[in-house]
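Same order as they appear, the protein sequences are chains A and B.
The numbering of the first sequence is the working numbering, which starts it at 24 and goes up by one.
The numbering of the second sequence is the working numbering, which starts it at 45 and goes up by one.
These aren't lab readings, by the way, just hints derived from the structure by calculation.
Watch out, some of these pointers could steer you wrong.
Not the full set, but computed from the structure, chain A residues with beta-carbon under 7 Å of chain B [stated by the list, open to error]:
{"hint": "1", "residue": "Y32"}
{"hint": "2", "residue": "I38"}
{"hint": "3", "residue": "P83"}
{"hint": "4", "residue": "V149"}
{"hint": "5", "residue": "T156"}
{"hint": "6", "residue": "T158"}
{"hint": "7", "residue": "S160"}
{"hint": "8", "residue": "H169"}
{"hint": "9", "residue": "S207"}
{"hint": "10", "residue": "S211"}
{"hint": "11", "residue": "T244"}
{"hint": "12", "residue": "I288"}
{"hint": "13", "residue": "E293"}
Mimicking DMTMM-like on lysine to aspartate or glutamate, the simulated pairs with C-alpha atoms at most 25 Å apart in a straight line are [said to hold, decoys possible]:
{"hint": "14", "chain 1": "B", "residue 1": "K424", "chain 2": "B", "residue 2": "E373"}
{"hint": "15", "chain 1": "B", "residue 1": "K212", "chain 2": "A", "residue 2": "E27"}
{"hint": "16", "chain 1": "B", "residue 1": "K167", "chain 2": "B", "residue 2": "E381"}
{"hint": "17", "chain 1": "A", "residue 1": "K143", "chain 2": "B", "residue 2": "D104"}
{"hint": "18", "chain 1": "B", "residue 1": "K199", "chain 2": "B", "residue 2": "E231"}
{"hint": "19", "chain 1": "B", "residue 1": "K97", "chain 2": "A", "residue 2": "E139"}
{"hint": "20", "chain 1": "A", "residue 1": "K143", "chain 2": "B", "residue 2": "D345"}
{"hint": "21", "chain 1": "A", "residue 1": "K143", "chain 2": "B", "residue 2": "D123"}
{"hint": "22", "chain 1": "B", "residue 1": "K232", "chain 2": "B", "residue 2": "D248"}
{"hint": "23", "chain 1": "A", "residue 1": "K143", "chain 2": "B", "residue 2": "E352"}
{"hint": "24", "chain 1": "B", "residue 1": "K136", "chain 2": "B", "residue 2": "D123"}
{"hint": "25", "chain 1": "B", "residue 1": "K376", "chain 2": "B", "residue 2": "E352"}
{"hint": "26", "chain 1": "B", "residue 1": "K424", "chain 2": "B", "residue 2": "D406"}
{"hint": "27", "chain 1": "A", "residue 1": "K143", "chain 2": "B", "residue 2": "D353"}
{"hint": "28", "chain 1": "A", "residue 1": "K143", "chain 2": "B", "residue 2": "E307"}
{"hint": "29", "chain 1": "B", "residue 1": "K211", "chain 2": "B", "residue 2": "E236"}
{"hint": "30", "chain 1": "B", "residue 1": "K341", "chain 2": "B", "residue 2": "E373"}
{"hint": "31", "chain 1": "B", "residue 1": "K116", "chain 2": "B", "residue 2": "D104"}
{"hint": "32", "chain 1": "B", "residue 1": "K421", "chain 2": "B", "residue 2": "E314"}
{"hint": "33", "chain 1": "B", "residue 1": "K424", "chain 2": "B", "residue 2": "D353"}
{"hint": "34", "chain 1": "B", "residue 1": "K370", "chain 2": "B", "residue 2": "E181"}
{"hint": "35", "chain 1": "B", "residue 1": "K116", "chain 2": "B", "residue 2": "D379"}
{"hint": "36", "chain 1": "B", "residue 1": "K304", "chain 2": "A", "residue 2": "E139"}
Here a beta-carbon is modelled for each residue, glycine too, at the ideal position from N, C-alpha and C.
So the chains spell out like this:
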Amino acid sequence: MSHEILAQYLFSGLIYGSIYAVIALGFNIVYNATGIINFAQGEFVMLGGLVTHSLSAVLPLPAAILAAIAITALTGGLLEFFFIRNIGRLIKGMGGKGDVMHLTIMTIGLSILLRELALKIWGEQVKTVRFFTGTESSSLSVAGAHFSPQLLWIMGATALVFAILSAFFRFSLSGRAMRACSASRVGSRICGIRAEAMVTLSFVLSAAIGAAAGAVTAPLTQTHYAIGTALSIKGFTVAVFGGLGNSGAAVAAGFILGIIESFSIIVFPEAFKDVVSIVILLSVLLARPSGLFGSREAGRLKEA
Amino acid sequence: MSMFRFSVSRALRGAVILAVMAVSTNAFAAPIKIGAIFAVTGPAAYLGAPEEKTANLFVDNLNKAGGINGDKVVLIVKDSAGSAERALSFAKQLIDENEVVAIIGPTTSGESMAIKDFCNASKVPLISCAAAEAIVEPPLPFVFKTPQKDSYVAKWAFQTMKDSGVKKLAVVASNTGFGSGGKAQLEKYAGEYGIKIVLSESYDPSATDLSSLLTKVKSSGADALINWSIEPAQSIIAKNMKQINLAIPLYQSHGFGNIKYVEAAGAAAEGIIFPCGRLLVADLLADSDPQKKLLQKYNSDYRAAYSEDASTFGGHAYDAILILTKAIEQAKSSDPEKIASAIASIRGLPGTAGVFNFSASDHNGLGMDSISMLTVKNGKFALYGKK
Numbered sequence: 024m025s026h027e028i029l030a031q032y033l034f035s036g037l038i039y040g041s042i043y044a045v046i047a048l049g050f051n052i053v054y055n056a057t058g059i060i061n062f063a064q065g066e067f068v069m070l071g072g073l074v075t076h077s078l079s080a081v082l083p084l085p086a087a088i089l090a091a092i093a094i095t096a097l098t099g100g101l102l103e104f105f106f107i108r109n110i111g112r113l114i115k116g117m118g119g120k121g122d123v124m125h126l127t128i129m130t131i132g133l134s135i136l137l138r139e140l141a142l143k144i145w146g147e148q149v150k151t152v153r154f155f156t157g158t159e160s161s162s163l164s165v166a167g168a169h170f171s172p173q174l175l176w177i178m179g180a181t182a183l184v185f186a187i188l189s190a191f192f193r194f195s196l197s198g199r200a201m202r203a204c205s206a207s208r209v210g211s212r213i214c215g216i217r218a219e220a221m222v223t224l225s226f227v228l229s230a231a232i233g234a235a236a237g238a239v240t241a242p243l244t245q246t247h248y249a250i251g252t253a254l255s256i257k258g259f260t261v262a263v264f265g266g267l268g269n270s271g272a273a274v275a276a277g278f279i280l281g282i283i284e285s286f287s288i289i290v291f292p293e294a295f296k297d298v299v300s301i302v303i304l305l306s307v308l309l310a311r312p313s314g315l316f317g318s319r320e321a322g323r324l325k326e327a
Numbered sequence: 045m046s047m048f049r050f051s052v053s054r055a056l057r058g059a060v061i062l063a064v065m066a067v068s069t070n071a072f073a074a075p076i077k078i079g080a081i082f083a084v085t086g087p088a089a090y091l092g093a094p095e096e097k098t099a100n101l102f103v104d105n106l107n108k109a110g111g112i113n114g115d116k117v118v119l120i121v122k123d124s125a126g127s128a129e130r131a132l133s134f135a136k137q138l139i140d141e142n143e144v145v146a147i148i149g150p151t152t153s154g155e156s157m158a159i160k161d162f163c164n165a166s167k168v169p170l171i172s173c174a175a176a177e178a179i180v181e182p183p184l185p186f187v188f189k190t191p192q193k194d195s196y197v198a199k200w201a202f203q204t205m206k207d208s209g210v211k212k213l214a215v216v217a218s219n220t221g222f223g224s225g226g227k228a229q230l231e232k233y234a235g236e237y238g239i240k241i242v243l244s245e246s247y248d249p250s251a252t253d254l255s256s257l258l259t260k261v262k263s264s265g266a267d268a269l270i271n272w273s274i275e276p277a278q279s280i281i282a283k284n285m286k287q288i289n290l291a292i293p294l295y296q297s298h299g300f301g302n303i304k305y306v307e308a309a310g311a312a313a314e315g316i317i318f319p320c321g322r323l324l325v326a327d328l329l330a331d332s333d334p335q336k337k338l339l340q341k342y343n344s345d346y347r348a349a350y351s352e353d354a355s356t357f358g359g360h361a362y363d364a365i366l367i368l369t370k371a372i373e374q375a376k377s378s379d380p381e382k383i384a385s386a387i388a389s390i391r392g393l394p395g396t397a398g399v400f401n402f403s404a405s406d407h408n409g410l411g412m413d414s415i416s417m418l419t420v421k422n423g424k425f426a427l428y429g430k431k
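Modelling step: build the complete structure from the supplied sequences, incorporating the hints.
Below is the structure:
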């Protein structure tokens, strides 16, 4: 097999990887602040793509993307406020535990709600966002491999989101407050942190990241009302593969899985791609239950 | 005098009774209930939604014009979301509870295969809107379908490839009933046209990027690629090919007959070749073409009602109701068994997919001539090989 073809598989893997990574990042924020796996994350990606599609008809593309991120972030915040916060309270009021498991199931309900709303608003037809640079058939060439310039935009966006998140969690007061909530909800409350506001903020942030992912990937992947479910499952797989709650791990795991999937096609039929990634995920989890890069101690703390 | 008075009052009374009878037959005549199962939502919504819209539009117009044989038509639409299990339970509901006289749909081949035996055993005509040849092969007395057989589509594609010198072909298909049905037809007939299939693969219907699969195509040395699917992946493949610089001709199935896919693929759609019915190129047809008027009217009615372009899929539902209407008219009855035998005797009926000639052994009724090779030129569908 020529090195051009191998390079081509590598770049295809980078495309998958960058899409997985930027989606997995969104999962981690909500998980860090609440312990909830937000299965509506894929729907935030869908909303980001579709809102960008609609707004780009009337606004310049950068403005459309920013507005889509803002609208989706607002939607994420409102959903958290009405459903997670208040219904969580209601469940507790009725004698239920209102624990992480209840709320995770609730996010599955939210994902169905968002999907149906999108079907009503945008219909069932496939929509696209125009390529940031060039057209559908533009192609760059490196080492004999060819790829869409959009790949650079997706990788750039992943890097940017990753950098902003790292800085936010490390240096800003809100970011540190969110980490404190994740370590101990009660403890952070005693220190005067408004834990509930932090949870809302985590949904706003993850919705914004999901929307950004949706806008930047839509030129390549296209988008429609039902695209979210498959993305949620893939993003969740990648987040677990890397170690839940760790942003750097999510990015690394995304690229590792993407590249493995791409090269697996040399040997296995394309239809087995997902089987390959699930087998890898399960074997990694058997050996390291907290994920590839997750620390065992942190895993145990979360259990407690 | 009294004699005259008597006869007048008698005549009046008779007229009143007649009038009441006329009114009551109109008001109390049972409407003809037609069931429809379409994948209005879910992964096959690109097909099912235009089918539902078309069927509603057709029945509205039909009722405005007085119905069939003076009876109003009621259309009961069920959304299967593309699931064969749901399609089967809706078929049972439509037949057992709603007591429909016939069912149109389902949208996809998988669903149609799942319900055809049940409809046949219940003696209720089923007019499927799905492509797979196995739906009417071997023919069951109560099972029909409106889209062109996939073997015709495959043969047209092969003939065009042979004419342009293709020897080695790569086949990719979505992992669905439509995709695997088409793939089987391609593998069956390739040899007859002297074409060797060097790679044959399926992919997940919800795939969002297929560049690594296309890399495999690139290293297979194929000199043309054919994709068989109905999903948005059709546009993704076109784009990915240009992006990884895979410069071989791209053929698609008749599943590409939706202008939205051309829009989604943008510049990458130029030059795609696919076999399809004539709906998409109605305005380019000769005036003598028996389908031209009907196609243009369907296009303009659909556009006026829903402000979007009609697609061949909606056309399949149009044909299904058209055939059913003709059969009920000819049978002068809405008895399911009489309808089924009336359908099997329909000849020379122009529809959106072609001119239908049913017989006891042919429950599709369309010939090879129902298909044309189309291509994409400047973002629009055009007849392939014509200037």
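Open item on the list: When the structure is checked against the list of hints, which entries are broken? Sort them ascending.
Closed with: Hint check: 3, 5, 9, 10, 14, 25 and 26 fail, others pass.
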